[in-house]
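Participant: Chains as they are written, first to last, in the numbering used here: chain A, 1 to 346; chain B, 1001 to 1700.
No lab work stands behind these hints: they were computed from the structure. Hints may contain errors.
To be verified - Here are a few chain A residues that face chain B, going by a calculated C-beta distance under 7 Å:
1) D66
2) A155
3) T287
4) T316
Said to hold, decoys possible - Listing some non-contacts, in silico: residues in chain A with all C-beta distances to chain B over 10 Å:
5) L51
6) I64
7) R92
8) R121
9) D122
10) V124
11) S179
12) R299
13) R300
14) R329
15) R339
Yeah, the Cβ is synthetic: ideal placement off N, Cα and C, and Gly gets one too.
The residues making up each chain are set out below.
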Amino acid sequence: MTMMPRRAILIPLVTSISAVVAAQGQVFRTAVDAVSIPVSVTDGNRPVAGLSAADFEVTDNGAIQDVAVERVEHLPTDITFLVDVSGSVNGRALERIRQDLQEMARLAAPNDRVRIVTFARDAVDLFGLVPGGATLDFARMAPGGTTSFYDALVAVLAGTTGNGRPQMVFALTDGRDTSSFTTASHVAAVAARSGAVLCITLVRSSNPLVREGGAAGTEDPLAGERSVVDVPASSAMSAVAGGTLPVISGPTSMTLSVSRSAGPFAGGPALPALRAAAAATGGVVETDSTRTPAPELFRRMLDDFRASYLITYFLTGTERAGTHEVSVRVKGHPGYTVRARRTYGS
Amino acid sequence: MTRLPVRIAAVMAIAAATALAAVARGQAGQAGVLWLAVSTVGPDGRLLADLTAGDFVVEDHGEPQEVAVFRNDPIPIAVSIMVDVSASMEANYGLVRRAVSALTSHFEPGDRAVIGAFDALPWISPRFSARPEVIQQDLAVALSGTALSGTLGLCDGDWIDRSSLSTRNTGSDFGARTEFARRMAIHGGSAIWDGAACGVNAAASDGETPRRIVILVTDGMDTMSFSTLPQVVERATRFGVMIYAVSLMGGYGMAGGDLRQLAESTGGGYFFLTGGDDVAGTFRRIGDELRHQYVLGVTPTGALDGPHELVVRANVPGSRTRFRRVTLGAPAALSAATADARATQREPGAPVDAPLPASFDGRSARPAVVAAEAPAPAAVRSPVWDMLDAFASSTWHSGEAPRMTADQLRGMVNGLRQGGDAWIAAAPPSGRDGRRVAAAGFVLDLLYSQNDPVAWLDRQPAPDLVDWGARTLQAMPPSPEERLWYFGVLALCERGGAASLLERTARRAAGRFPDEARFVLARAIAEDLRTWPEERDVRAFRPASDVTARLIARYEEAAALTSVAAEATLRLAYFDLRRGRVDAALERFGTIDRALVAGDVTLRFWVHLLNGRALEQAGRLEDAIESYRLALDDVPAATSARSALIAALSAAGRGPEATRLARETLLTPGAAIDPWTIYVEPDMRFWAAIADRLREAVTR
């Protein structure tokens, strides 16, 4: 097949290529849909390098596709660090998290872009995308609160769609979710439609000092998690219908600290559901109980991600609308493990 | 029976009791008679009420004994009704009320009963009564869980650790607690054998009738008694008390086991009842059986106090005979003089409301406990006075109470017991109610200010603090401040997930303010709390069946009360949804009167958010999206609703909208309060107002 220009190839997932190329004044086709899928191929634990388009067989809704293949390591990538700052992570632990994040950002190439999304009850994009290696601004990082991991994943995955670059979401958490309203099933469903590859590393504690067997006073904040919800004090009270109690009708500047241990939910990580969510994106969930520093955990994930391929094809033989089932295999190597997203939808 | 005028019935009762006592005392004293209470049922299970002395065979060590005395005339019964009031029994309370009513409504002249209850410790009413309404009143107190502050008192017995009570704690060690003190407060568990022993003691205190019975009602297994089964049997045998054990639904662990042994060892009966059985009929049957007992007096060949191997049977083919050796007179531990004095004080025609001897009177048994609570002399200034003075002044703000260790808090309980009442009493009479409010408010602030209520709110010393606050306020007529105080305690219990303390406090509050619907709702929420936190996505949600039954019953009860109907229905609907009953949930959501939620933004949000989840699960994605949008109208930027909406938009194929909202979510601050995060602590939304108003009341 004829290799497509890189800008056309890099459109992640599905988009109408006509609009993109028209903007560049190079119209090769009209109203043709391009699909890009990151694919990881391993032989045992070893990434398989040197594959070309001729090595892959890709079907979309059963229809064989002509594909172009590029190594991800050659492509500038957007990396989202999703970091758990719930519980009572503060003081030295908080400082350590900042150091780890800065170090992880430096592992990215200058033409990559990174962003930090922290989550406790709310997920917060601290400063948007910045070049890899940049000095990060943690001014907006506010630790504490319940743990809404699934809600954060939903927002991050849904908010990560095509911008012409491979997308990697790296989540570092102990996986316990105490207050999300969405569930791991929601995460899996959103992940299946996301343009990002989700990589999760589950650790014993979101507190880096605990993970590293830190000094006295570094108790696991989640072992007896206590969170703080700011309840606005009421200045204007209205009566409950038929009742006698005033209710909060609006926030004021005064807040009351309301502490609570676990939120509505408890228990460890929903590993099968998280694995399903990651697998839907072609990503992976790994667990680590070795007290390995976060930057090292990220580096392994990043190496694995960079060793993958980006397969792109113009959709043929099937309609664009609806949910698509994708199958990717390496011809003549049934023993290879191929990790790629399995579905996508409009 | 045909109802007799009260006066005539009472006179007959006294006459019958006195006559029997006289005969029995006389014959026992003169001839060394061994008394047996005997009942016989025929092959069809019906009581045989017309047997004669010649129909019975009595053997001792295999030797036939002559029946010297035979009585088959009506003899009053003295019944201790001991009811298990542990949490698991609650679903059976209605049955218990009907059963006791069935028993007492068939009382014959002279019959009398005393109500007792047991959870971690046994409690007993201070009086026997022949009046059904009095007995029902005592039963209501027992079932309301307010025994300590109501008419029931702690039953005297071995379960009281007197050594611990006489030891004053001082200094840094003054927080040490004892097992007994822990039990005083937890109001949980089932000390069945202690309850039975208490009932035996109470029944045995009636020295005027040989028909002394304990009816023990429970649904479970003994979990914490000091007494043992053999000890109870021995004591019942010694004082000739029969025990009827009634095991209600849920008591499979006891069926055919220890309870049956207890009953049969004491000559009583064992009944295992399920919800479909005629519980009231069973109690009537027990009453009939007791009334149709025969009293046989035999003169044993050996010493009266020596060992006997007795056999009693009736010469009726297929019949079964139960018997019990009975001893007239109060047990040695009791004061016979007290019983006699009680008899002589009774005026002819007066109802038989006999106070129990002092040692069985909860109030008089309390002094050992009260000693630790007794107010210090007004002239002695307790260290706790400074804190109370500060709190009562305008310089103290909510949440300013010092954070304490558990031991320090225990010390505070002791300090309040020793000095708090005195602080109140030190005020002029007109100012004491104000100080009561302040002292209780101080307790509330102390609870609120602690760092980790979850770790200790359902355990001591928090319940002790709440008890002290409640009792302090109960010394004055119910007031708006007391109502607010209860709201505050309930909110803190929910915050800490303290289901047991919440349930107990809500019951107590409802006793003080029967018209307050929110207290009814709080009891339902207490059951709800038992189903949280939930291990989501790990395993299916399967709440315990008894919790589910109570939860539904209580929410439905609350849903009938207008002021909390919407919230009760909402919460019940979401419970349905959690356990996979989507259609039922949607139906309930549909019945919520939106006008009732109009004034409460949190409630509105919950309705829209949770209804959205139900619609989503029903496959109605567009309706779900609309519902989530309504939730965001109520509380813009609530993370829960945003996330739900993002996921629903994505599932509906509206990817661009989902992406826009997701990016907005990550870049804009979440709501100051996301009502979803306080779904399991709903009364906390009132906290600010509660604290403000109590503060106003204290400084007024």
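Participant: Next step is simple, just say for each hint if it's right about the structure.
Facilitator: Results of checking the hints against the structure:
Because the smallest distance between the Cβ of D66 (chain A) and any Cβ of chain B comes to about 26 Å, over 7 Å, the interface hint for this residue is violated. The criterion of a C-beta within 7 Å of any C-beta in chain B is met by A155 (chain A), whose closest approach is roughly 5 Å, and the hint holds. Interface hint at T287 (chain A): violated, since its Cβ lies 16 Å from the closest Cβ of chain B, which is beyond the 7 Å cut-off. A distance limit of 7 Å between C-beta atoms decides the matter here; for T316 (chain A) the minimum to chain B is near 22 Å, and the interface restraint is violated.
With a cut of 10 Å on Cβ distances, L51 (chain A) stays outside the contact zone with chain B, its closest approach being about 30 Å. Residue-level check passed: I64 (chain A) sits 26 Å from the nearest beta carbon of chain B, beyond 10 Å. Interface exclusion of R92 (chain A) from chain B stands, the closest Cβ pair being 20 Å apart, more than 10 Å. With a least CB separation of 6 Å from chain B, R121 (chain A) falls inside the 10 Å interface cut-off, contrary to its annotation.
Distance check on D122 (chain A): its Cβ comes as close as 3 Å (rounded) to a Cβ of chain B, failing to clear the 10 Å threshold; non-interface status is violated. Distance check on V124 (chain A): its Cβ comes as close as 7 Å (rounded) to a Cβ of chain B, failing to clear the 10 Å threshold; non-interface status is violated. The claim that S179 (chain A) is not at the interface with chain B is violated, since a C-beta of that chain comes within 10 Å of its own (minimum 5 Å). No beta-carbon of chain B is positioned within 10 Å of the beta-carbon of R299 (chain A); the least distance is around 25 Å.
The beta carbon of R300 (chain A) sits about 26 Å from the closest Cβ of chain B, which is more than 10 Å, so the claim that it is off the interface holds. Distance check on R329 (chain A): its Cβ is at least 28 Å (rounded) from any Cβ of chain B, clearing the 10 Å threshold; non-interface status holds. Listed as outside the interface, R339 (chain A) is consistent with that label: its C-beta sits roughly 22 Å from the nearest C-beta of chain B, beyond the 10 Å cut-off.
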